[in-house]
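K.L.:
The whole structure should be built from the sequences, with the hints applied where relevant.
Note that the protein sequences, when read in sequence, are chains A and B.
So the first sequence is numbered by numbering that gives the first Met the number 0: it starts at 0 and just counts up by one.
So the second sequence is numbered by numbering that gives the first Met the number 0: it starts at 0 and just counts up by one.
None of these hints come from the bench; they were simulated from the model.
Source: prediction; values computed, not measured.
Cβ atoms here follow ideal geometry from the backbone N, Cα and C, with glycine treated the same way.
Each statement offered as a hint is correct.
So these bits of chain A aren't anywhere near chain B, every CB distance computed over 12 Å:
#, residue
1, Gly36
2, His97
3, Gln117
4, Leu188
5, Arg221
6, Arg249
7, Glu252
Distance ranges between label pairs, derived from CB positions:
#, chain 1, residue 1, chain 2, residue 2, range
8, A, Val216, B, Cys197, 52 to 58 Å
9, A, Asp175, B, Val156, 55 to 61 Å
10, B, Glu214, A, Leu222, 57 to 63 Å
11, B, Arg327, A, Gly157, 54 to 60 Å
12, B, Leu163, A, Ala124, 44 to 50 Å
13, A, Glu113, B, Glu214, 47 to 53 Å
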Amino acid sequence: MAAEVFRIRAVIVDDEAPARALLREYLAAEPGVELVGECANGFEALKRIGELSPDLVLLDVQMPKLDGFEVLELLEVPPAVVFVTAYDEYALKAFEVHAVDYVMKPIRRERLAEAIRQVRERMGAEKSSSARQPSGSTLGAAARAPGSHLERLLVKDGANVHVIPVERVDWIEAQDDYSGIRSEGKTFLKAQPLGEIAAGLDPARFVRVHRSCVLNVERLARLELYAKDSRVAILKDGKELPVSRAGYARLKELL
Amino acid sequence: MHPILMGRLRPALYLAAWAGIGLLLGAMAQAVHPRTLGHLALWLVPLLLFYAFVCLSAWWVCRANPLATTRPDRLALAIVSASVQAGVVWVIVGALWGALLQHRWNLPPDRPGTMRDLLILGVSGVVLYAESMAGHYFLLTAEASRDAERRVFASQVAAREAELRALRAQLNPHFLFNSLNSISALAGAEPEAARHMCGLLGDFLRASLGLGARERVAFAEELGLAELYLAVEQVRFGERLTFQKQIGPGAAECLVPPLLIQPLIENAVKHGVADRIEGGTVRVEAQVRDGLLEILVENPRDPEAPARRGQGLGLENVRQRLAALDPRVTRVDVFREAEMFRVRLVLPATNGRENDIHGR
Chain A
0 MAAEVFRIRA VIVDDEAPAR ALLREYLAAE PGVELVGECA NGFEALKRIG ELSPDLVLLD
60 VQMPKLDGFE VLELLEVPPA VVFVTAYDEY ALKAFEVHAV DYVMKPIRRE RLAEAIRQVR
120 ERMGAEKSSS ARQPSGSTLG AAARAPGSHL ERLLVKDGAN VHVIPVERVD WIEAQDDYSG
180 IRSEGKTFLK AQPLGEIAAG LDPARFVRVH RSCVLNVERL ARLELYAKDS RVAILKDGKE
240 LPVSRAGYAR LKELL
Chain B
0 MHPILMGRLR PALYLAAWAG IGLLLGAMAQ AVHPRTLGHL ALWLVPLLLF YAFVCLSAWW
60 VCRANPLATT RPDRLALAIV SASVQAGVVW VIVGALWGAL LQHRWNLPPD RPGTMRDLLI
120 LGVSGVVLYA ESMAGHYFLL TAEASRDAER RVFASQVAAR EAELRALRAQ LNPHFLFNSL
180 NSISALAGAE PEAARHMCGL LGDFLRASLG LGARERVAFA EELGLAELYL AVEQVRFGER
240 LTFQKQIGPG AAECLVPPLL IQPLIENAVK HGVADRIEGG TVRVEAQVRD GLLEILVENP
300 RDPEAPARRG QGLGLENVRQ RLAALDPRVT RVDVFREAEM FRVRLVLPAT NGRENDIHGR
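P.N.:
Below you can see the structure in the form of structure tokens.
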């Protein structure tokens with residue numbers, strides 16, 4: 000074929016050693032593919048992919064700490080992703096986050112080769128059109144099926160990732176393009192606007208009480224009238240949060 | 000609620016029986032001392048209604064002295080003393096009611112409530128109460144056997160369900176897919192290890208199919224299956240997954256429903272060890288204490304892991320199957336801590352030998 004053959008730098012992410020070994024063996028036989036790293040969990044993947052900026056990540060879904068989708072969400076410049084998993088139920092979600100391919104375990108050599116061919120095609124198309132890939136976080140939000148909600152929030156803090164289960168979130172405050180997530184006495188700054196986070200939260204638990212604030216209603220102690228049409232929410236720990244008229248209406252509807 | 004007062008038919012039948020008893024008693028009283036029927040009825044009918052009510056109390060006396068567990072002499076004593084007490088009460092009420100009728104409304108000298116009337120009342124009162132107790136014992140026994148039947152049926156349904164579930168678990172596609180993927184990986188570099196894993200997987204499938212078809216298996220067999228499962232998973236997870244067991248004396252021979260702990264073991268791997276970077280140890284403890292078998296399945300967990308679907312299903316299945324055995328003694332306790340997940344099962348400790356004695 001006359002098509003230009005790109006050199007592909009690949010990283011394998013899988014928590015099972017035999018699965019990594021199989022991928023390693025298959026990749027070694029693929030011409031033009033260089034294996035630059037292997038990771039055994041989501042944290043490691045995040046760090047290594049950031050350092051190595053590979054062209055391709057072969058990504059398992061179910062892993063300790065961060066699953067494959069969460070890794071993808073946290074990557075600022077996501078590479079081409081091929082999901083490799085025994086589960087078929089994530090396929091739709093995978094394509095919503097623009098995965099190049101979705102390969103099922105047990106993996107066949109030809110099936111992986113086909114995925115690599117697709118990666119090459121995608122890389123070629125991008126080189127000619129220089130189409131920008133949307134960031135992982137917007138994709139992550141888009142990929143959630145209607146009716147399902149975020150179970151935990153991920154906050155990148157330098158090289159670390161804080162994983163905050165939503166039930167431990169007290170409230171979230173807008174801070175320009177960032178959001179301040181308050182949980183267990185600490186505030187975590189997440190590089191995502193409040194609106195985007197709020198859209199992914201369970202509306203039965205989190206209410207946008209104000210343009211700039213989303214409240215976990217389980218933390219609410221009482222509401223007090225502050226001025227005409229304006230209220231404050233007093234939380235169980237004594238903290239006061241502003242409640243707008245629209246926010247009060249939403250709260251009333253829920254409670 | 001009292002079984003005789005349930006519905007409409009039962010109270011009606013009960014009152015009809017008392018009408019018959021009333022006719023008999025009335026005839027007896029007339030035989031020893033003929034008098035105006037109206038006067039006798041005025042005295043006797045309220046007394047009959049009163050005693051019909053008193054006899055319902057036999058229900059609680061019977062429940063307090065269950066046939067199965069009360070010694071025969073105690074049982075006889077309970078029946079005689081309750082019947083005599085009830086009879087005495089009836090005589091006293093009868094005498095007072097007779098006196099009241101006579102003094103308040105000046106019934107003529109053929110008044111009912113003479114010593115002879117009261118003697119009839121006393122003797123028949125004791126006999127009637129004893130009969131009422133017999134009747135209630137009959138009702139209780141019938142109810143107990145119906146309950147037992149229901150329980151057996153429920154346990155059969157739960158067992159069938161467990162079997163189906165077990166079949167699905169053996170064909171648990173993800174377990175199989177991942178295992179096949181591991182075999183495929185090993186086949187290249189370590190063919191001997193690949194063969195070993197084929198063997199393990201085969202043993203596990205065969206054992207779980209065989210176990211699922213039986214009604215009761217020794218706990219040792221159940222544990223053996225869990226160990227096969229964990230051995231297969233250990234190929235995938237490597238050093239991250241370890242297993243510990245501590246089996247007290249007599250526990251291995253206890254009979255348990257097949258595949259009882261299998262869902263717990265699978266959860267321990269899937270929702271515990273697999274979620275942790277450093278992995279962890281699945282621990283199984285079993286001991287016999289006071290005639291009960293206590294099984295503990297324990298695994299470390301990641302405090303930040305979201306609660307996943309499917310975890311509750313296996314636990315619910317275990318709960319139902321244990322409840323079907325004997326809801327009075329079986330228990331499922333779940334301890335969910337930040338870093339640790341424990342499930343404790345309590346069930347009657349029986350082994351084949353004791354069963355033979357009971358089953359004879």
